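A.B. asks: Use the sequences and the hints to build the structure in full.
2 protein chains.
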Amino acid sequence: MMKELSLSKVYQLLEPGPVVLLTTARKGRANVMTMSWHMMVEFEPPLVACVVSGANHSFAALHATRECVIAVPSVRLAPKVVKTGNSSGRDIDKFEAFGLTPVPAAQVAPPLIDECFANLECKVSDAALVNKYNLFVLEVIKAWIDPAQKNPKTIHHHGYGKFAVDGRMIKLKSRMR
Amino acid sequence: MMKELSLSKVYQLLEPGPVVLLTTARKGRANVMTMSWHMMVEFEPPLVACVVSGANHSFAALHATRECVIAVPSVRLAPKVVKTGNSSGRDIDKFEAFGLTPVPAAQVAPPLIDECFANLECKVSDAALVNKYNLFVLEVIKAWIDPAQKNPKTIHHHGYGKFAVDGRMIKLKSRMR
Chain A
1 MMKELSLSKV YQLLEPGPVV LLTTARKGRA NVMTMSWHMM VEFEPPLVAC VVSGANHSFA
61 ALHATRECVI AVPSVRLAPK VVKTGNSSGR DIDKFEAFGL TPVPAAQVAP PLIDECFANL
121 ECKVSDAALV NKYNLFVLEV IKAWIDPAQK NPKTIHHHGY GKFAVDGRMI KLKSRMR
Chain B
1 MMKELSLSKV YQLLEPGPVV LLTTARKGRA NVMTMSWHMM VEFEPPLVAC VVSGANHSFA
61 ALHATRECVI AVPSVRLAPK VVKTGNSSGR DIDKFEAFGL TPVPAAQVAP PLIDECFANL
121 ECKVSDAALV NKYNLFVLEV IKAWIDPAQK NPKTIHHHGY GKFAVDGRMI KLKSRMR
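Just so you know, the sequences run in chain order A and B. Number 139 in the numbering used here belongs to position 139 of the first sequence; there are no gaps in the numbering. Number 55 in the numbering used here belongs to position 55 of the second sequence; there are no gaps in the numbering.
Check each hint, because a few of them may be wrong.
To be verified - Within a straight-line C-alpha distance of at most 20 Å, the following computed PhoX-like cross-link-like pairs (lysine-lysine) qualify:
| # | chain 1 | residue 1 | chain 2 | residue 2 |
| --- | --- | --- | --- | --- |
| 1 | B | Lys9 | A | Lys162 |
| 2 | B | Lys132 | A | Lys132 |
| 3 | A | Lys171 | B | Lys162 |
| 4 | A | Lys153 | B | Lys153 |
| 5 | B | Lys153 | A | Lys162 |
| 6 | B | Lys173 | A | Lys173 |
| 7 | B | Lys132 | A | Lys173 |
To be verified - One-sided excerpt, in silico: chain B residues whose CB lies under 8 Å from chain A:
| # | residue |
| --- | --- |
| 8 | Glu15 |
| 9 | Gly17 |
| 10 | His156 |
Simulated from the structure, these hints should not be mistaken for laboratory data. Source: prediction; values computed, not measured. Just so you know, even glycine gets a beta-carbon here, dropped at the ideal spot from N, CA and C.
C.D. replies: So, in structure tokens, the structure goes:
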């Protein structure tokens, strides 16, 4: 179902700034949170920086296990993405509560999310700025794409549950990678 | 013309992941580059992380002066944004070449860009990860918005000059800030 994606193309998923889901696993229990504070740091191997607040239940799992999956949802998952962001893994199993299907990853313990059109298996590669800013540098070690989801439209958070949905695509002559 | 924007709202501009322009100034000469690798790190005071490659002429100016302006263009500036990304301040004055109007900032030497709908005056607040990743943490110290540009649509880079333009806005009931 999911097809492997070349690591050289990972930046094309995250550089546009979509809202993503982040899964973790600890002591046999998986969790998922909603995240918008992330950016590319290096093309290949793909490095991604992200900020995970200590207020998130996921923070301790990410810090302790140094593994996560970044799953990219399209707009049809927006209601689930917001519900995921509005609740805590301290209280509920969000996969079950919101109908997100965990799928085993190849190289990390946290699950992929079946409904997302892309899934990135990550290891923490640098925790130097975690204490100061909750900023993790992740390395993407394996990437998956769902070829059945054609031209998925992602969502971009403007605050307080307001999102811009991807509109038309434009192509300009560019030397930029 | 530009109106001051509360620093508490800065994250609403950058969290959605728009392509931005970054201005610097050194030895009396301003420069501008195109940037997509940035993220919010803290709400207020607003902290922003960004990656500026050492291959960019702007890198040395940002590193030496520790000041920049992040200017946010709407889609109508897309051709200028791409031209800015395809050329170097080593060779040309990009403001003049591409018709971008520098406007003096209030608290930093690099200029605002008159055509952009938002401009953020920034100081480098942390350079700890510059040597390793070219990653700067910036503090936004003053923010400006152009009230004449209503509902500006931003662009999001998918690689090689392909951009998603903001489409429809959706609003979901959320407790997320």
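A.B. asks: Take the hints in turn and mark each one as holding or not.
C.D. replies: We went through each hint and held it up to the structure:
With a C-alpha separation of about 13 Å, the suggested pairing of Lys9/B with Lys162/A holds against the 20 Å cut-off. For the hint linking Lys132/B to Lys132/A, the alpha-carbon distance of about 17 Å falls within 20 Å, and the restraint holds. With a CA separation close to 4 Å, the supplied pair Lys171/A and Lys162/B stays within the 20 Å bound. Between Lys153/A and Lys153/B the alpha-carbon distance is near 16 Å, which keeps this suggested pair within the 20 Å criterion.
With a C-alpha separation of about 14 Å, the suggested pair Lys153/B and Lys162/A falls inside the 20 Å cut-off, and the hint holds. Of the pairs offered as hints, the one joining Lys173/B and Lys173/A is violated, with about 40 Å between alpha carbons and a cut-off of 20 Å exceeded. Taking the CA atoms of Lys132/B and Lys173/A, the gap is near 31 Å; set against the 20 Å cutoff, the hint is violated. At its closest, the beta carbon of Glu15/B sits 5 Å from a beta carbon of chain A; the interface hint therefore holds under the 8 Å criterion.
Annotation: Gly17/B was flagged as interfacial toward chain A, and the flag holds, the nearest CB pair being 1 Å apart, inside 8 Å. Of the supplied interface hints, the one on His156/B holds, with its beta-carbon coming within about 4 Å of a beta-carbon of chain A, less than 8 Å.
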